[in-house]
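K.L.:
With the hints as constraints, model all of the structure from the sequences given.
Number of protein chains: 2
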Amino acid sequence: MAKTNWLTNAEMLAWRGFIERSADLINIIDKDLEPYGLDGGDYQLLAMLSEAPEHKMKMCDLAQTLGLSRSGLTRRMEGVLKAKYVSRVGDQNDRRAAFAQITKKGLTLIKKVAPHHVASVRRHMIDILSPVEITAFGTGFAKIGKRLSQKTKI
Amino acid sequence: MAKTNWLTNAEMLAWRGFIERSADLINIIDKDLEPYGLDGGDYQLLAMLSEAPEHKMKMCDLAQTLGLSRSGLTRRMEGVLKAKYVSRVGDQNDRRAAFAQITKKGLTLIKKVAPHHVASVRRHMIDILSPVEITAFGTGFAKIGKRLSQKTKI
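Going down the list, the protein sequences come from chains S and Z.
So in the working numbering, spot 147 of the first sequence is number 147, and the numbers just go up one at a time.
Converting from the second sequence to the working numbering requires adding 154 to each position, the first position being numbered 1.
In case anyone wonders, no lab produced these hints; they're calculated from the structure.
Heads up, the beta-carbon is just placed ideally off N, CA and C, and yes, glycines get one too.
Incorrect hints may have been included.
Computed footprint of chain S on chain Z, listed as stretches where at least three residues anywhere in the stretch have a Cβ under 8 Å from a Cβ of chain S [stated by the list, open to error]:
(1) 273–283
(2) 291–304
The calculated lysine-lysine pairs, modelled on BS3-like cross-linking and capped at a C-alpha distance of 30 Å, are [what the hints assert, rightly or not]:
(3) S/K84 / S/K31
(4) Z/K157 / S/K111
(5) Z/K157 / S/K84
(6) Z/K300 / S/K143
(7) S/K31 / Z/K297
P.N.:
Shown next as structure tokens:
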């Protein structure tokens, strides 16, 4: 192996900050969702469907956007299907296409939870960061995501 | 509840970038450690002990630094104790104090794995980011960590 290009101090702070804090950050925001019977993954799924045209998305697009395999998406959806926040629908023009659609019950819930969730995200993350940090998180994770999707094509 | 302060576009990019990509980023770097029989948590533990004075740390300090409960740390250490990369040692001056110490076998392993792990962290994250983003990730996650530790005192 070639000579190791060790991390500089600044790089070490970026990497260790991310790896040591990201799980805790996700957990604490998840915990704020618990009173509503949701976890962060449920919320993300409901939010995406609520913003989609006709409140529905193709299962394969949903899996790709959430970075899940089809079986991973099936597991991910178990809770929200059982609670009737989401239903599976077919497409009359394409019998092979399966869609997930957020129900009225799901829409009512997400509308109720969203203000609390946004406040939680602000409190634990967004309002702590400077405008420069906000921009850098946005562009940085977009680049990381682009690289990840080049490596993990579904 | 007061009027909701919804996220701006830039804030949404920062939050969604983080929440949609961080698990995938952690997983892909974990995957690069698999050939060495370690996961990311094992690596982090071994790296911290290898850098500590006398290669050992108090269990309670280790738990706090890793953001784990004592029982969480016990579970976290099962694999590396079994593989004899880490041993538990007492303190002759303080019988109540329990330490975790990295063994010679553990030090040999971490020395072998470190260059590959650093290359993996560079490839998936650090080398993709600009210097401004690197600095912002460092300062941003430090602030997030500080806020988290105010809320979750052990």
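K.L.:
Decide, hint by hint, whether the structure agrees.
P.N.:
For each hint, the structure was consulted:
1. Residues of the stretch 273–283 of chain Z lying with their CB closer than 8 Å to a CB of chain S number 8, which satisfies the three-residue condition for coverage.
2. Coverage of the stretch 291–304 of chain Z by chain S holds in this model, with 11 residues showing a Cβ closer than 8 Å to a Cβ of that chain against a need of three.
3. Of the supplied pair hints, the one linking S/K84 and S/K31 holds, its CA atoms being roughly 22 Å apart against a limit of 30 Å.
4. For the hint pairing Z/K157 with S/K111, the CA-to-CA distance comes to about 13 Å; that is within 30 Å, so the pair holds.
5. Note on Z/K157 and S/K84: the hinted pairing holds, with a Cα-Cα distance of about 29 Å set against a maximum of 30 Å.
6. Taking the CA atoms of Z/K300 and S/K143, the gap is near 26 Å; set against the 30 Å cutoff, the hint holds.
7. With a C-alpha separation of about 20 Å, the suggested pairing of S/K31 with Z/K297 holds against the 30 Å cut-off.
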